[in-house]
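**Student:** If you read the protein sequences in the order shown, they are chains A and B. Residues in the first sequence are numbered from 1 upward in steps of one, following full-length UniProt numbering. Residues in the second sequence are numbered from 1 upward in steps of one, following full-length UniProt numbering.
Warning: the hint list may mix true and false statements.
Any copy, or any two copies together, can satisfy a pair, since identical chains are not distinguished.
To be verified - DSS-like mimics (lysine-lysine), calculated; alpha carbons at most 30 Å apart, straight line:
1) Lys203 to Lys261
2) Lys272 to Lys261
3) Lys183 to Lys272
4) Lys182 to Lys261
5) Lys261 to Lys44
6) Lys172 to Lys282
7) Lys207 to Lys246
8) Lys183 to Lys207
Note that these hints are calculated values from the structure, not bench results. Note that the coordinates shown come from a computational prediction; the quantities given were computed from them, not determined experimentally.
Protein chains: 2
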Amino acid sequence: MKINNVCILGAGTLGSRVALQSALSGYKVRIYDIDPTALERSRKTMEKIILHLAKSSGLEESAGLNAIDLITFTDNATNAVMDADIINESVLEDIEVKNQVWELFGKIAPEKTIFTTNTSYLLPSMFADISGRPEKFCALHFHDVFYSKVVDIMPHPGTDANLIPILDSFGKSLEQVPVLVKKENPGYLFNSMLMAFIGAAGKLLTKEIGSIEDIDKSWMVNFHMPKGPFGILDNIGLDTAWHVTKSQPDLASQRFAALLKSYIDEGKLGEKTGEGFYKYPKPRYRDEDFLE
Amino acid sequence: MKINNVCILGAGTLGSRVALQSALSGYKVRIYDIDPTALERSRKTMEKIILHLAKSSGLEESAGLNAIDLITFTDNATNAVMDADIINESVLEDIEVKNQVWELFGKIAPEKTIFTTNTSYLLPSMFADISGRPEKFCALHFHDVFYSKVVDIMPHPGTDANLIPILDSFGKSLEQVPVLVKKENPGYLFNSMLMAFIGAAGKLLTKEIGSIEDIDKSWMVNFHMPKGPFGILDNIGLDTAWHVTKSQPDLASQRFAALLKSYIDEGKLGEKTGEGFYKYPKPRYRDEDFLE
Numbered sequence: 001m002k003i004n005n006v007c008i009l010g011a012g013t014l015g016s017r018v019a020l021q022s023a024l025s026g027y028k029v030r031i032y033d034i035d036p037t038a039l040e041r042s043r044k045t046m047e048k049i050i051l052h053l054a055k056s057s058g059l060e061e062s063a064g065l066n067a068i069d070l071i072t073f074t075d076n077a078t079n080a081v082m083d084a085d086i087i088n089e090s091v092l093e094d095i096e097v098k099n100q101v102w103e104l105f106g107k108i109a110p111e112k113t114i115f116t117t118n119t120s121y122l123l124p125s126m127f128a129d130i131s132g133r134p135e136k137f138c139a140l141h142f143h144d145v146f147y148s149k150v151v152d153i154m155p156h157p158g159t160d161a162n163l164i165p166i167l168d169s170f171g172k173s174l175e176q177v178p179v180l181v182k183k184e185n186p187g188y189l190f191n192s193m194l195m196a197f198i199g200a201a202g203k204l205l206t207k208e209i210g211s212i213e214d215i216d217k218s219w220m221v222n223f224h225m226p227k228g229p230f231g232i233l234d235n236i237g238l239d240t241a242w243h244v245t246k247s248q249p250d251l252a253s254q255r256f257a258a259l260l261k262s263y264i265d266e267g268k269l270g271e272k273t274g275e276g277f278y279k280y281p282k283p284r285y286r287d288e289d290f291l292e
Numbered sequence: 001m002k003i004n005n006v007c008i009l010g011a012g013t014l015g016s017r018v019a020l021q022s023a024l025s026g027y028k029v030r031i032y033d034i035d036p037t038a039l040e041r042s043r044k045t046m047e048k049i050i051l052h053l054a055k056s057s058g059l060e061e062s063a064g065l066n067a068i069d070l071i072t073f074t075d076n077a078t079n080a081v082m083d084a085d086i087i088n089e090s091v092l093e094d095i096e097v098k099n100q101v102w103e104l105f106g107k108i109a110p111e112k113t114i115f116t117t118n119t120s121y122l123l124p125s126m127f128a129d130i131s132g133r134p135e136k137f138c139a140l141h142f143h144d145v146f147y148s149k150v151v152d153i154m155p156h157p158g159t160d161a162n163l164i165p166i167l168d169s170f171g172k173s174l175e176q177v178p179v180l181v182k183k184e185n186p187g188y189l190f191n192s193m194l195m196a197f198i199g200a201a202g203k204l205l206t207k208e209i210g211s212i213e214d215i216d217k218s219w220m221v222n223f224h225m226p227k228g229p230f231g232i233l234d235n236i237g238l239d240t241a242w243h244v245t246k247s248q249p250d251l252a253s254q255r256f257a258a259l260l261k262s263y264i265d266e267g268k269l270g271e272k273t274g275e276g277f278y279k280y281p282k283p284r285y286r287d288e289d290f291l292e
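Looking at chain A on its own, in the form it has when it is part of the complex:
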């Protein structure tokens, strides 16, 4: 089966990025959101990304902006899914909202449409049945599309195995590295490892074994990376990390979740609020003398 028409559900950060890359890769793209102001923001987000890519990569600015012009932004569900070969859904990370969306699109999508969800921590099996076509339902999880170019393909037990190579090709056509998550797993592959190492960093901090800066330095210098675990947490958002951490039953996770909560209660959610473990826009870990 050949994919030509891509339908993106949810015009937030990730939906906008997947839509933009799909357009850049030559697909005909429709992006849907229930909220018209979200669609306006989405277009602006895309323009910013193009300007950034024009500077940082070889992308021609005019070609990028033309790609955006070819995207259909719509708050009309029927219009959005018309002719769609594939849906990639990035609506709110909430079971009820996703259920409503998949129930609706299961009814109005053409029979040919493949259904994929970009859920971060929920599982495709939670929505496969309500969509009415569980065999055509699979998680297709992007990271940030332009910097972290991995896409997880995670079937649920009822997914038709023939879908996998189609999604693999589609992922590659979007300039991503596709990886197969053979069984449903809440953190796919990367997030499972990420949260394990972030959890270990949290344990070092709550047990007062190391300071925030020393723990980050250890990671940065050993792996030659621009950020350590607490810099990474500031980027992820302490609220997001708290949601994941508090769901772990062990004592170390509970302690770290309590620490994250104390930051959140002070309005320190990370980069997006200007402060988390570090202060932005000039966090200490970016200072030239940090690693001296």
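Given the structure of chain A, go ahead and fit chain B onto it with the hints provided.
**Tutor:** For chain B alone, kept in the frame of chain A given last:
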């Protein structure tokens, strides 16, 4: 207190590297090993490192080789420790061996000598008393000195606090980034995080959620790193990783330890034996098309 004379105990890989960097930083260095052939190998290792540094960094080859010529290689313990301001011990990772070494050097070292151990997984408190000067005893743990330039300073409860700033300055003078491990912790800072993320990768593999290559790809692409967890394991050595993993009581670690053991039993210890999770010298993850 000013450090001028450095005594390195154990002329293996790490001891040779610490000795060489100490010489390059202008210290007067004596390196001791009970085995004369180890001392010969050590000198050759140092020469190789100098040739490598001359190519990769700005180091002048002749200056580097001169620094080696100024190092005293000796199998005479009394000679080795004569005038030493600091000892850094990197002998075999075995409690009995370390006990013997510290008991001996506790008796023959000058009163001024600071005692530091480079132990990987043991704790300084295990040897502090037998050395006869627990207050002058501390872990000073290097990673690989020339690529991963972190040094962990880890006191035990009886370490004199005044030692910390001395070791911090010494670490900086060796072009390392010193980090303080405030309480004794078997994995210092970095290794605790490393083993947590490696353990998560092992769990993904043993639970058949992802393949070796897909798990590695996820890590490499998301973090823009040249290796993923299984490439890193091949570098660490599967035998070393097995020792650490099998000491964890949880089921996931036990399963992963069993998997590591099956590789070890086939002689696949990683890079050093030519095969581990990948085959060397041309592992799949270094192929240009690996991330396509």
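**Student:** One pair to classify: Lys272 and Lys261, alpha carbons no more than 30 Å apart. Within, between, both, or neither?
**Tutor:** within (16 Å within a copy, 45 Å between copies)
**Student:** How would you label the pair Lys203, Lys261 (within, between, both, or neither) given a Cα cut-off of 30 Å?
**Tutor:** both (15 Å within a copy, 28 Å between copies)
**Student:** 30 Å Cα cut-off: does Lys207 pair with Lys246 within a copy, between copies, both or neither?
**Tutor:** This pair counts as both: shortest intra-copy Cα distance 17 Å, inter-copy 23 Å.
**Student:** Using 30 Å as the alpha carbon limit, work out where Lys182 and Lys261 are close: within a copy, between copies, both or neither.
**Tutor:** between (34 Å within a copy, 24 Å between copies)
**Student:** Evaluate Lys172 and Lys282 at a C-alpha cut-off of 30 Å and name the case that applies: within, between, both or neither.
**Tutor:** between (36 Å within a copy, 25 Å between copies)
**Student:** How do Lys261 and Lys44 come out at 30 Å by Cα distance, when the copy is not named: within, between, both, or neither?
**Tutor:** neither (32 Å within a copy, 54 Å between copies)
**Student:** When no copy is named, should Lys183 and Lys272 be tagged within, between, both, or neither for a Cα gap of at most 30 Å?
**Tutor:** Neither. Shortest intra-copy (33 Å) and inter-copy (33 Å) distances fail the 30 Å Cα cut-off.
**Student:** Could you place Lys183 and Lys207 in one of the four classes (within, between, both, neither) given a Cα distance threshold of 30 Å?
**Tutor:** between (34 Å within a copy, 9 Å between copies)
Violated hints, listed in ascending order, are 3 and 5; each of the other numbered hints is respected by the structure.
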